Amino acid sequence: MMVTDDQLFQIQGFLMSEGVSNVGLQEDLADHFCCVIEQCMEGEDLDFDDAFKLAQQRITPDGAKEIEEDLDYLLTIKKKIMLRKVVYVFGFIGVLNLLLAFSMYISGILNAEVSGLLAMAGILTLAISVLPFSFYQMYQRSAQRVREA
Amino acid sequence: MYSRELLKGILKPIILKLLSDQSRMYGYEIVQEVKRLSGDKILIKEGSLYPTLHALAAEGYLSTESVMIGKRTRKYYKLTSDGKGQVQPALTELLDFAETLQVLFGPKLSTT
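In order, the protein sequence lines correspond to chains A and B. Using the numbering used here, the letters of the first sequence correspond one by one to residues 1 to 149. Using the numbering used here, the letters of the second sequence correspond one by one to residues 1001 to 1112.
No wet-lab data here; the hints were simulated from the structure. Please note: incorrect hints may appear among the correct ones.
[Claimed, not checked] Restricting the straight-line Cα-Cα distance to at most 30 Å, the calculated cross-link-like pairs of lysine-lysine (BS3-like) are:
1) A:Lys79 <-> B:Lys1075
2) B:Lys1008 <-> A:Lys79
3) A:Lys80 <-> B:Lys1078
4) B:Lys1012 <-> A:Lys65
5) A:Lys78 <-> B:Lys1045
6) B:Lys1084 <-> A:Lys79
7) B:Lys1008 <-> A:Lys53
8) A:Lys78 <-> B:Lys1075
9) B:Lys1075 <-> A:Lys80
10) A:Lys65 <-> B:Lys1041
11) B:Lys1008 <-> A:Lys65
12) B:Lys1012 <-> A:Lys80
13) A:Lys65 <-> B:Lys1017
14) A:Lys78 <-> B:Lys1012
15) B:Lys1017 <-> B:Lys1045
16) A:Lys79 <-> B:Lys1045
17) A:Lys78 <-> B:Lys1078
18) B:Lys1008 <-> A:Lys85
19) B:Lys1078 <-> A:Lys65
20) B:Lys1075 <-> B:Lys1008
21) B:Lys1008 <-> B:Lys1045
22) B:Lys1017 <-> A:Lys79
23) B:Lys1075 <-> A:Lys53
24) B:Lys1045 <-> A:Lys65
25) A:Lys80 <-> B:Lys1008
[To be verified] Computed far set for chain A versus chain B, every beta-carbon distance over 10 Å:
26) Val87
27) Val95
28) Asn111
29) Glu148
Just so it is clear, the structure is predicted and the values come from calculations on it, not from any experiment. Even glycine gets a Cβ: it sits at the ideal position worked out from N, Cα and C.
With the hints as constraints, model all of the structure from the sequences given.
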């Protein structure tokens, strides 16, 4: 017994209401729901509504959105790690510049002009890497708190 | 039935091996085939399957073919040439891991 077009729309509506926005994942899950529902209707002699409820318990026991979140995590984790590496390297360079500028000026190795330029390079490095990254992290945490409230 | 934690690390090799044996498969078919081949011991959860399939596709190891069944889209996954190159190393690593587990637990298990 095949899932009808109306029933397919019902499944797609459920996935969208659950917050699944990735079109490819939506298609995969909708087809998977149809297969499970058809198997339940044929093998267990259930009507569509009961088979659909059973399919929800089997396929998305923790909610369909969690599958998309797992997918997003897998797709972005490498980029996130790489971004953090870059920010930390720039952060290190920035702080090193500031320390060198300060210590070499105090010890008289560099004059005020050169050490000032070195310090400025450090500040700029921090300003274009660590600072925006830190504010973006703060924004994400804040947005997360608002969503959870 | 094996726990989800145990299956997490071996899902990619399982998918790569299945798709190297069959020309193309869709998600539900993969779940059923693994269940059948393992004698119901390995039940792949959809929550693990689709993120893994999409991640493998994003890495360039799988490609997809969409087939319309009425208004429903069925996506078949198949190995790319890069994906075919991943099958043997993934299986070798997994089998080596299984042998290591046998070394670690085998003698102890045989005495109990």
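Going through the hints against the structure:
no., hint, verdict
1, A:Lys79 <-> B:Lys1075, "holds (26 Å)"
2, B:Lys1008 <-> A:Lys79, "holds (21 Å)"
3, A:Lys80 <-> B:Lys1078, "holds (28 Å)"
4, B:Lys1012 <-> A:Lys65, "holds (22 Å)"
5, A:Lys78 <-> B:Lys1045, "holds (23 Å)"
6, B:Lys1084 <-> A:Lys79, "holds (25 Å)"
7, B:Lys1008 <-> A:Lys53, "holds (26 Å)"
8, A:Lys78 <-> B:Lys1075, "holds (26 Å)"
9, B:Lys1075 <-> A:Lys80, "holds (29 Å)"
10, A:Lys65 <-> B:Lys1041, "holds (27 Å)"
11, B:Lys1008 <-> A:Lys65, "holds (19 Å)"
12, B:Lys1012 <-> A:Lys80, "holds (22 Å)"
13, A:Lys65 <-> B:Lys1017, "holds (28 Å)"
14, A:Lys78 <-> B:Lys1012, "holds (17 Å)"
15, B:Lys1017 <-> B:Lys1045, "holds (18 Å)"
16, A:Lys79 <-> B:Lys1045, "holds (26 Å)"
17, A:Lys78 <-> B:Lys1078, "holds (24 Å)"
18, B:Lys1008 <-> A:Lys85, "holds (26 Å)"
19, B:Lys1078 <-> A:Lys65, "holds (26 Å)"
20, B:Lys1075 <-> B:Lys1008, "holds (23 Å)"
21, B:Lys1008 <-> B:Lys1045, "holds (10 Å)"
22, B:Lys1017 <-> A:Lys79, "holds (27 Å)"
23, B:Lys1075 <-> A:Lys53, "holds (23 Å)"
24, B:Lys1045 <-> A:Lys65, "holds (15 Å)"
25, A:Lys80 <-> B:Lys1008, "holds (21 Å)"
26, Val87, "holds (23 Å)"
27, Val95, "holds (35 Å)"
28, Asn111, "holds (53 Å)"
29, Glu148, "holds (21 Å)"
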